[in-house]
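Novice: All chains should be built: construct the whole structure from the sequences, respecting the hints.
2 protein chains.
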Amino acid sequence: MTGPGPGSPLGLHRVLDPPGVLPQAAWRLDASPRLWPDEVRVAVERLNLDAASFRQLREATGGAAADMRAAVGRIVADRGKMQNPVTGSGGMLTGVVAEAGPDSPLGLAPGDRVATLVSLSLTPLMITDGLADWDGRSEQVPCQGHAILFGRSIATVLPADLPGPLALAVLDVCGAPALTGRVVSQAAARAGAAPPVVAVLGAAGKSGSLSAVAARQAGAGRVIGVVPSRAEAATLRAAGLADEAVIADARDPVALAAAVRGAGGPATVTVVCVDVPGCEGGAVLATADGGTVIFFSMATSFTAAALGAEGAAADVTMLIGNGYVPGHARLALDLVRREPGVRGIFEARVSEGTGDGKAKT
Amino acid sequence: MTGPGPGSPLGLHRVLDPPGVLPQAAWRLDASPRLWPDEVRVAVERLNLDAASFRQLREATGGAAADMRAAVGRIVADRGKMQNPVTGSGGMLTGVVAEAGPDSPLGLAPGDRVATLVSLSLTPLMITDGLADWDGRSEQVPCQGHAILFGRSIATVLPADLPGPLALAVLDVCGAPALTGRVVSQAAARAGAAPPVVAVLGAAGKSGSLSAVAARQAGAGRVIGVVPSRAEAATLRAAGLADEAVIADARDPVALAAAVRGAGGPATVTVVCVDVPGCEGGAVLATADGGTVIFFSMATSFTAAALGAEGAAADVTMLIGNGYVPGHARLALDLVRREPGVRGIFEARVSEGTGDGKAKT
Numbered sequence: 001m002t003g004p005g006p007g008s009p010l011g012l013h014r015v016l017d018p019p020g021v022l023p024q025a026a027w028r029l030d031a032s033p034r035l036w037p038d039e040v041r042v043a044v045e046r047l048n049l050d051a052a053s054f055r056q057l058r059e060a061t062g063g064a065a066a067d068m069r070a071a072v073g074r075i076v077a078d079r080g081k082m083q084n085p086v087t088g089s090g091g092m093l094t095g096v097v098a099e100a101g102p103d104s105p106l107g108l109a110p111g112d113r114v115a116t117l118v119s120l121s122l123t124p125l126m127i128t129d130g131l132a133d134w135d136g137r138s139e140q141v142p143c144q145g146h147a148i149l150f151g152r153s154i155a156t157v158l159p160a161d162l163p164g165p166l167a168l169a170v171l172d173v174c175g176a177p178a179l180t181g182r183v184v185s186q187a188a189a190r191a192g193a194a195p196p197v198v199a200v201l202g203a204a205g206k207s208g209s210l211s212a213v214a215a216r217q218a219g220a221g222r223v224i225g226v227v228p229s230r231a232e233a234a235t236l237r238a239a240g241l242a243d244e245a246v247i248a249d250a251r252d253p254v255a256l257a258a259a260v261r262g263a264g265g266p267a268t269v270t271v272v273c274v275d276v277p278g279c280e281g282g283a284v285l286a287t288a289d290g291g292t293v294i295f296f297s298m299a300t301s302f303t304a305a306a307l308g309a310e311g312a313a314a315d316v317t318m319l320i321g322n323g324y325v326p327g328h329a330r331l332a333l334d335l336v337r338r339e340p341g342v343r344g345i346f347e348a349r350v351s352e353g354t355g356d357g358k359a360k361t
Numbered sequence: 001m002t003g004p005g006p007g008s009p010l011g012l013h014r015v016l017d018p019p020g021v022l023p024q025a026a027w028r029l030d031a032s033p034r035l036w037p038d039e040v041r042v043a044v045e046r047l048n049l050d051a052a053s054f055r056q057l058r059e060a061t062g063g064a065a066a067d068m069r070a071a072v073g074r075i076v077a078d079r080g081k082m083q084n085p086v087t088g089s090g091g092m093l094t095g096v097v098a099e100a101g102p103d104s105p106l107g108l109a110p111g112d113r114v115a116t117l118v119s120l121s122l123t124p125l126m127i128t129d130g131l132a133d134w135d136g137r138s139e140q141v142p143c144q145g146h147a148i149l150f151g152r153s154i155a156t157v158l159p160a161d162l163p164g165p166l167a168l169a170v171l172d173v174c175g176a177p178a179l180t181g182r183v184v185s186q187a188a189a190r191a192g193a194a195p196p197v198v199a200v201l202g203a204a205g206k207s208g209s210l211s212a213v214a215a216r217q218a219g220a221g222r223v224i225g226v227v228p229s230r231a232e233a234a235t236l237r238a239a240g241l242a243d244e245a246v247i248a249d250a251r252d253p254v255a256l257a258a259a260v261r262g263a264g265g266p267a268t269v270t271v272v273c274v275d276v277p278g279c280e281g282g283a284v285l286a287t288a289d290g291g292t293v294i295f296f297s298m299a300t301s302f303t304a305a306a307l308g309a310e311g312a313a314a315d316v317t318m319l320i321g322n323g324y325v326p327g328h329a330r331l332a333l334d335l336v337r338r339e340p341g342v343r344g345i346f347e348a349r350v351s352e353g354t355g356d357g358k359a360k361t
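Line by line, the protein sequences are chains A and B.
Numbering of the first sequence is given in the numbering used here, commencing with residue 1 and proceeding in unit increments.
Numbering of the second sequence is given in the numbering used here, commencing with residue 1 and proceeding in unit increments.
The set of hints was computed from the structure by calculation and includes no laboratory data.
Note that the structure is predicted; figures quoted are calculated from it, not measured.
Mixed in with the good hints, there may be bad ones.
As the list claims (entries may be wrong) - Far from chain A by the CB rule (all over 12 angstroms, computed), these chain B residues:
(1) Pro-110
(2) Ala-132
(3) Pro-195
(4) Asn-322
(5) Asp-334
Stated by the list, open to error - Residues from chain A that face chain B, not an exhaustive set, calculated with beta carbons under 8 angstroms:
(6) Ser-121
(7) Gly-308
(8) Glu-310
(9) Ala-312
Don't be surprised by glycine CBs; every beta carbon is placed ideally from N, CA and C.
Specialist: Below you can see the structure in the form of structure tokens.
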């Protein structure tokens, strides 16, 4: 069953309020199951809330299962999508293709098990089970219902050789290693430049560990992993993903800059993969003049970054971490297949049900 | 009279609350007049509120002179700096150097008329005249009081050949043309690339007009100026700053992308100089794959930009507009001296007392 007219590949035809904006910017989407000709409907199995959103929900509700279920259910019922109104972020989902419209360009067929690589914050979603199987303690939310993919909604068939929750956790942050690798390889290719020093804030987390490995593969001369605790430093050292693991609070700009300097910095490229606010100034101070900061954390403040750099008279290039880089899913999955250290970090995080850093939002 | 110990070049010794953060991120600064050895005290003549902050204050208070004075006065009394708590932004100031500490590296002497090139949001400030000479209708605020410059607080002596308010307005946005020029010249230098197409959103404003001229000088093959009204299109055409002036609402992504395409786009480089929220999606859609968006507007949402690009599967590089680029003040002043079209736009804006786009925040 498909709608009458042609759909917009960006999903504009699903925007109810306010009209004319893109689905990500909309307050409310039409999540009805009937497809436009270029859409795909997915029977949802699991939502993966992004780290910033999950943290906010837990703090706002206290974290009890019933309260967490009610909070997510209310957002989805109100908005037709899982976009946390406080953080603006969402997450991603996995499920099975139920129906593909005749004009869908995504190449998916009914029965395919897929993960969405576009954010839940722009994906029409309807929940039908009240999230009854969710204990509220994990970002990964068992869920029944349906979701809609537009013509330009990137999705990927889940790999057969990796457990589903592991693959989902990897795909969730797959933009970070792809963009880090691109930026580091550009820095490494600069004529006459020394191999770049790369600092990864939150290097023992999901997006951080992948970014550290991607940086090394892209030609980093030295990878400095910054972590908040001795336990994470031990994890990072055991995984062998960084040349040095240093402990610093990324929200303390002076301490962070000193720690990175002491480990061989300042950094040519600094990658921010911690999901707490207030890391902008430290990231700027830890970076060499002429260097680049990539912000993947959804807790990043645009104003704080722009003014922090200006206030320190720091000539650094600051990138907004774009979650889409061509080939990002394959790159990230291959890194996890090949690097036991990264895989170990992901398996531990998945079994704990805890997250970090840039999640698909 | 200078304080006992050495100061931090970043001004950490002036942070009262919370301790340990950079002055820009602090809630409250110590604005007392006694100098640390590397500081400079300026007798303030005029504050230039950034556009986003001014707009917010006007909307929140209704805009009456007494209410505007009270609002700004309260912020400065509470925080020891003029940082709008809603927008996070500030502005800049001009004044006369009253005292320079013996260890100040800024090269300023008592009597120099200067403009600060770091944001008011990190500059200790005390107001002594209740802003009695301000009518509340202009971003340029006559003011008596003092401000403190740290060792790394960039300031520039005001040029003798340009009227003060004009120079202030130019310096306020001088980071935008410098960074635009750098990005466009990098795009133009790319091996085998056609001369880049540059779209400037808000091209008839202050930062926009400077950015358009800087783009052309840096090797743009085509400059597309996007403006919201016929009146601004006429201004832009008369000034001769763009190859084409098109009218579109930057908050309407589909209309904006269509307008830029119709004028010779999509853009290799898109420069966002409009100070209203909601322009992220349109800027991304107006940009070619592999292109770059530079966000100068302090109304930019980090999350909306990151997710907007991801949601559209758009492989674009997104830059946070850093207000500091070496040589930015001289570059911007020279553009205004040489380009009568830009100078005309600034003179009209200064006499109207209205602003736009990226202000020093």
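Novice: It remains to establish, for every hint, whether it holds in the given structure.
Specialist: Against the structure, the hints come out as follows:
1. Pro-110: B:Pro-110 clear of chain A: closest Cβ-Cβ about 23 angstroms, beyond 12 angstroms.
2. Ala-132: holds, 29 angstroms
3. Pro-195: holds, 21 angstroms
4. Asn-322: violated, 4 angstroms
5. Asp-334: The claim stands: B:Asp-334 keeps its Cβ more than 12 angstroms from every Cβ of chain A (closest is about 19 angstroms).
6. Ser-121: With a closest approach of 6 angstroms, the A:Ser-121 hint holds.
7. Gly-308: Hint on A:Gly-308: holds, closest Cβ of chain B at ~6 angstroms, below 8 angstroms.
8. Glu-310: Cβ of A:Glu-310 sits 4 angstroms from chain B, so the hint holds.
9. Ala-312: holds, 6 angstroms
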